[in-house]
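Protein chains in written order, with the working numbering: chain A, 7 to 469; chain B, 69 to 694; chain C, 104 to 597; chain D, 1346 to 1447.
Be a bit skeptical, because a hint or two may be false.
Said to hold, decoys possible - Each pair of labels, with its calculated beta carbon distance range:
#: 1; chain 1: A; residue 1: Ile19; chain 2: B; residue 2: Gly686; range: 55 to 63 Å
#: 2; chain 1: C; residue 1: Gln212; chain 2: B; residue 2: Gln264; range: 53 to 61 Å
#: 3; chain 1: D; residue 1: Lys1434; chain 2: B; residue 2: Gly686; range: 56 to 64 Å
#: 4; chain 1: A; residue 1: Val23; chain 2: B; residue 2: Thr658; range: 48 to 56 Å
As the list claims (entries may be wrong) - Sample of chain B residues with no beta-carbon within 10 Å of chain C, all distances over it, derived:
#: 5; residue: Gly220
#: 6; residue: Thr244
#: 7; residue: Arg432
#: 8; residue: Gly511
#: 9; residue: Glu566
For the record, the hints were derived by calculation from the structure and aren't laboratory data. Cβ coordinates follow ideal geometry from the N, Cα and C atoms, glycine included.
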Amino acid sequence: MSVADVLSVMPLILTGVGALLVLLLGPFLQRGLVYCLAVAAGTAAGVWGALYPASYTPAIPGISFSPLARYLVPIFCIAGVLTLLYSHGYNDRHRIEGEEYPATVLFGLFAMCVLPCATNLLTLFLALESIAFAFYILVAIDLNRAESGEAGLKYLLFGAVAAAFTAFGISLIFAGSGSLELSAALDFRNRAIMSAGWGMILIGIAFKLSLVPGHLWTPDVYQGAPAPVAGFLSTGSKVAAAAFLLLLLGVAAPARELHVPLFALSLLSMVLGNLAALRQNNIKRMLAYSSIAHMGYLTLALLTGTRDGYAAVLLYGAIYTAMNLAAFGAIAALSGDEERARMEEYSGVGYSAPFRAGVLALAMIALAGIPPTAGFMGKFFIFYSAVKGGEIALAIIGIISAAISAYFYLRVVVHLYMRPAETTPPQPASPAESAALFLSAAAIVVIGVFPNALLHYLGTVLR
Amino acid sequence: MKLYLAIMLLLPLAGGLTSALAGRLLPRRLLEFLICATVWGGFVCAALAAASYTAPLTVNLAPWITAFDLGAPLSLYLDPLSLSLAVMVTFVCGLIHIYSVFYMAEEGDYPRFFALLNLFVFAMLTLLLAENLPLLYLGWEGVGFCSYLLIGFWYQDKANADAGRKAFITTRIGDTALVIGIAWLFQLFGTFSMVQLNGMAFLIPGGVVTAIGVLFLIGAMGKSAQVPLQVWLPDAMAGPTPVSAMIHAATMVTAGVYLLARMFPFFGGSAVVTSAIAVTGGITAFYGASCAVAQRDLKRVLAFSTISQIGYMMLGVGAGAITAATFHLLVHAFFKALLFLGAGCVITAMHHEQDIFKMGGLRRSLPVTFWCFLAGSACLAGIPLTGGFFSKDSIIGALWLKGVPLYQALYVLALITALLTSFYSFRLVYLVFGGETNAHIHGSRELKVMELVLVPLALLGLCGGVLDLPGYLGGGFLGHFFANLAGGKAAEAPQATEIVLQAIAGALALAGLAAAHVAFSGKARAKRIAEADNPSALTSFLFHAWHFDDLYRLLFIRPYAALSGFLWQRMDEGVIDDSLDRLAQGVGATGTWFGRWTAGRISLYIVSFAAGGAAILGYLAWVTLS
Amino acid sequence: MISHHLLTLLVFLPSLGALLILAVRKSDALARLVALGFAVAELVLSGYFFTLDTVHTLYPAPAGFFQYENVHWIDFFGIRYTLGMDGISLLMVALTAFITVIGVGVSWQGIKERVPLHFALLLLMESGILGVFLALDLFLFYLFWEVMLIPMFFLIGIWGHGRRIYSAVKFFLYTFLGSLLMLVAIITIFLMHGAQSGTYSFALVDLIGTKVPYDVGLWLFAAFLLAFAIKFPLFPLHTWLPDAHTDAPTAGSVILASLLLKTGAYGLVRFGYPLFPDAARAFTPLIYAAAVFGISYGAWIAFAQKDMKRLVAYSSVSHMGFVALGIAAWSPIALSGAILQMVNHGVTTGALFALVGMLDERTHSREIDTYGGVWGKVPALSFFFLLFCMASAGLPGLNNFVGEFLVLIGTFKVAPLPAGFAFLGMVLTLVYTVRLVQEILFGKERKPLVMHDLSLREGGILAVLAVGAVYLGVSPSPLLELVKGPVALLVGVK
Amino acid sequence: MSIPLEHVIILASLLFAMGLGCTVAWRSNVIMMLIGIEIMLNAVMLVFVGASARWGVADGQLFALLIMALTSAEVSLALAMVVYLHRRKKTVNTDVFDSMKG
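Please take these sequences and the hints and turn them into a complete structure.
Set out below in structure tokens:
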């Protein structure tokens, strides 16, 4: 293990050590300082990840800082850092104390950073489950709200079942190919066992990506979890799950027998997610259903099995991260002692808190896929790759459901700007929140208008 | 020449715009002077143009609509037809403008009135002088628009505004046919120039000529108040009397006749079209006369007589006697303007009472009006040697000379109508001016001036015959002037025939006079007045103008309004929009139903998940193992 | 340098103004002034393009375009930032700049709340619409196409009346749903062209040459047509319009009617027909039917309306039918007429909405029943009301006549039957127009309304529009000359 | 190797299905659910160990060991949560915790 190896896995070290440090030093430091430390670790990991050249040679067994990792690690780090920035003020107001929160976030971030670096199934699975573990804790961390614990229980039980499926799938792949290398997943000599393994993995991932019918936990967990956690969960964890599949697939298309299951998952998720969100009056549940639908789009791109499709998945991951972080961040920043849950509670907020509401509105417009936001660019890429990959029927269904989805996103905007205020205006936002919101909003706009550089980089990410 | 024509058009336009935009800022006298001056200026231009006229010519003023091979420039065409009508229009309108100044002396909203009056003259001259059909249509609609607003000038009374609306919409129905005709012509020939089109009819099948001719005829029906589009004209009398005189008697309503005369070379070759025109004219002439017999409102009598007289002009066109039709048009303009203006004097004097059964004895209190009105009635009735006699007779004669059964039948109809015309003309005179006065007369300085305007018109009406004397009296000016027009040269009849025909017509006119005398002079007059309140069934039928209004209300207006509401509330909001709303509701409800799956119970979640997994695995097993 | 990017300046100048207004937000008066300043500057700039008679471009421009910009943007998909201006675009741009000034003018006093935001949205709207009229890259076009929905959504939703939120959402969803399928079609033709030629490009000039199999072309054109027909709006896809128009604030209605509807027609002319000529021909009977039916249907329903604004809204359905008819005929005269009619309808209907807005500001009622005898109270306002009603009814000498006449004549030449039915619309148009005039201006006062006549600002707005209406009616030739070249290129005649 | 891998997989599948059945059948009892999950993971480990033996590599055994660690962590987390929730509602019936739905 040379210095170069150490340097190449520096993001992992930074986040991992950061998590430990936060946990150890937490009792002795001021609360703000703890968050600062966590943010610093996350930022450093992200910057390092973005700047350090990627290579395929494993730094340590099972880990290599691949181009995919170089693309995803900064995204995860941004998600983690923004989450921390949102959380500070939020946790203050909601009396979520203790250093275990930033430590767990950093731990989750660490696991996320490991995932794209994985070179074998074992690391991959462990990373995936570690992420889940972090979120089991984070979701249930708000002891003042009964929903938080309830959501944690549901997530944990459901997650454990799903993890069992994934693990069984991996074990079958191992049984079929005799190897735990990533390439083993594409070794179809033993077709029956391999398909069964892939089917199991698919089901497990359907849970992670909240694809129908593994989606049922999503609304409950989003609602129950603290808003920043829900934001982190909906972005980091989902992108990681998508990356899990991409790592297994490389640049190869999914086996042809998987086409129908993937098709069904995508179709059901897009339609059900968008429709169920239509009249949802709880904003976080609405975002949960929207999440389901968006993961349906993602699956649509994946389904095509083309480089374009995979690139679209990766781009969409980044864009979706920006959009959802902006949305949940705004929700967190607008919350007082309690979160604004119902839509009505956002009435008139557009004028009492113009910046935060503006970011929320922007996020909604982006989620609806309206240009010139990144959401449009992402959807465009997805539907482009779908049409190019021959999935025209599904693309049309998806696009119609996306059009319908504009309704519930706009409902939020309607409440923000077009209805008289019903609740007390929110407190002023902290600088950290403002900065984080500004960052995510800027990302939405910049990726929406100038996606070229990112797109070109994506071309090099896929092996 | 170009200058004359341009100024002739621009003066009234400028006057109208000035009055519309700055009328309130100018002193009233100045404005009044201005609007009269513009029209008289137009007359001077027309006269100068007539003086220097040598041969038909086209004048290009400016481009208007130009797109690819479509060209509709602002170009004017001067030929005997347009020239003579332009002179007449400017002259009659000039007189009526002067009359209006005094008639409307007490009106507060005078700038609007004068603006519309002047704009009307502009539009009418455009209509007459237009070289191409779109420009003609501009004038055509322009006069319709002015007429609409002038009928409803006293807009606060709903009836007036309704009358204006009725006129506008009814004529628009005809106009639409006209535009379709124009479009068709352009499709066939690629030009709008009437001069060019008139020489090209032979290029296309007769059936098409007929169809286009019928479309133009429908257009003319609307504007010239011919059956079945005549319903608007009687109501149009709601407007101020000078308006009725100028627009709804002398000028605008004859536009249809003008159009058909102008395009006659085009469809003159189609017997169907000419017959259709003639039949329309014949029926209308009879219809108008029959209704006029039973009217009680002074202006409505005149309105129906206008309908009837224009029917005669149509008959003339239908018989191919363009000269005769134009002759009658000109003379009619004089005497009908005269009658309306006389009626205006009467109405002013009678404090806006228009019921002829409530009038009487005015021959003493309004002697000038009486004599002029009498002259006008004589012309209308066609009493021998008046202008009306010669002009009407030349049309009736032309019918007979066609020598075709259809036209001979129309000849008989025209004679009956002539008898009726004479009867109702003098009925009117007897009722209004006969008997003894029973009302206080409102005399004023304005009334004196108004009466003065009647005199030149009366003279022109009486002596109008010299414009085109019959052959045995040395032939006429118009006949020569129009000789080069297609259809301008009327069939020359032997003088003996002509004299006989005129004798018959003259005798009938005198018979009508005699009948009116018997029925309405002296004691009989009082008896008729007493009877008037319980009219017979026939009188009532005629009084209600054959119930055309009721029929149309039943057939068109009510269903239109009902269907309009139906389309809006049942179709648009009920079916189309509601189905969308329902669809949206349905989609939303489906969503809520989907949402119910997330019931909050983890056991259900896991069962669903396991079921999904089983389905996928089952499918995979089925695919890989089969 | 800047002279090569005039089009960019043209498109984004209003956005700049909007950002400025939002950034300052100091006082309402300042916001108004800045908005007016930018709108007028934009109008001047668009006027400047009329003076450019020669091809003046840094980039090789396709035939007919005298201003052109073509810059790298998203190479990954072959998307370029391509703006181009020909006679048709110029006309639409000028209309947009003109109507935006009017829009700023009519909302000068009517908008009392959140003034800076309102004016910023108006300017953003202008940017979006200008982008639609200038974009020659299909992706860019689509982008602007959607962008312009957002400001309108806010305008209706925030400052609207009645069921404003319902209307705003309906407007948005309806148009959004329609346009997304167009996106699929755009992607499809892009991929087909790429497969055929090897170069992937969204540029219109490239895509026009694509060989599209007939049956695929039908589907693709249908997707385009759906998007455009909703904007148009063609029967039976028009039901968003009465709601949106009625509930929008005055400036919103003006811009919606005058500009937004035109984007549909423009899209069909610029993209729909040229990209899929064969499919378009196959769909022509359908468009004829929708157009002709819409003309009569809209007019007929307008007659029954109780709300002035709704009446004018339905009249738009009717009038835009003529535009659709002219496009469907796809003959030089009809197409010129349709393009001219877009401008005409923009001026006339914009003016009518402005007038209705002015009446509404005075009496707070749009119910026709509350009015009556208005002429006696506010003669100047009534004068303009009558003028624009008559223009709308197609009185010759005013603007609408020229467009409708050209459309009808041109259509009659190639398709007598649809044109013949469309002629009947002329009568129906008059029926409802005259009814409106009658009930509002004439008759006796039905309710005691206190009204003051036009202010200088209102008079100025209406006078400018009136000059436009008369000018277009009397001297349309220069504008027809302007569109002649592009139309000839589109239709394929010399 | 005396037992073919197929047999191991079939056995493990049965085990997995039974575990799943356990989680599903006792529906709401959280303890039974955890036991079921445990059985499912045991099935996974069985396959790993079997496959390791079949292919002659130790990777599978390693994986199995780590799954053991994973399960213990999971169960401890779950039980902690159960205790926490039990304090609130005095029950281990998960379906009682359904305050969020729709």
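Consistency of the hints with the structure:
The supplied range of 55 to 63 Å is broken by A/Ile19 and B/Gly686, whose beta-carbon atoms lie about 45 Å from each other. Checked against the given bound of 53 to 61 Å, the beta carbons of C/Gln212 and B/Gln264, roughly 55 Å apart, stay inside it. Taking 56 to 64 Å as the suggested C-beta distance range, the pair D/Lys1434 and B/Gly686 does not conform, at roughly 37 Å. One distance hint, 48 to 56 Å for the beta-carbon pair A/Val23 and B/Thr658, holds here, with the actual separation near 50 Å.
Chain C draws B/Gly220 into its interface by the beta-carbon criterion, the shortest separation being 6 Å against a cut-off of 10 Å. With a least beta-carbon separation of about 5 Å from chain C, B/Thr244 fails to lie farther than 10 Å from that chain, contradicting its non-interface assignment. Every CB of chain C is more than 10 Å from the CB of B/Arg432 (nearest about 39 Å), matching its label as outside the interface. With a closest Cβ-Cβ approach of about 30 Å to chain C, B/Gly511 is found to remain outside the 10 Å limit, as its non-interface label requires.
Every CB of chain C is more than 10 Å from the CB of B/Glu566 (nearest about 43 Å), matching its label as outside the interface.
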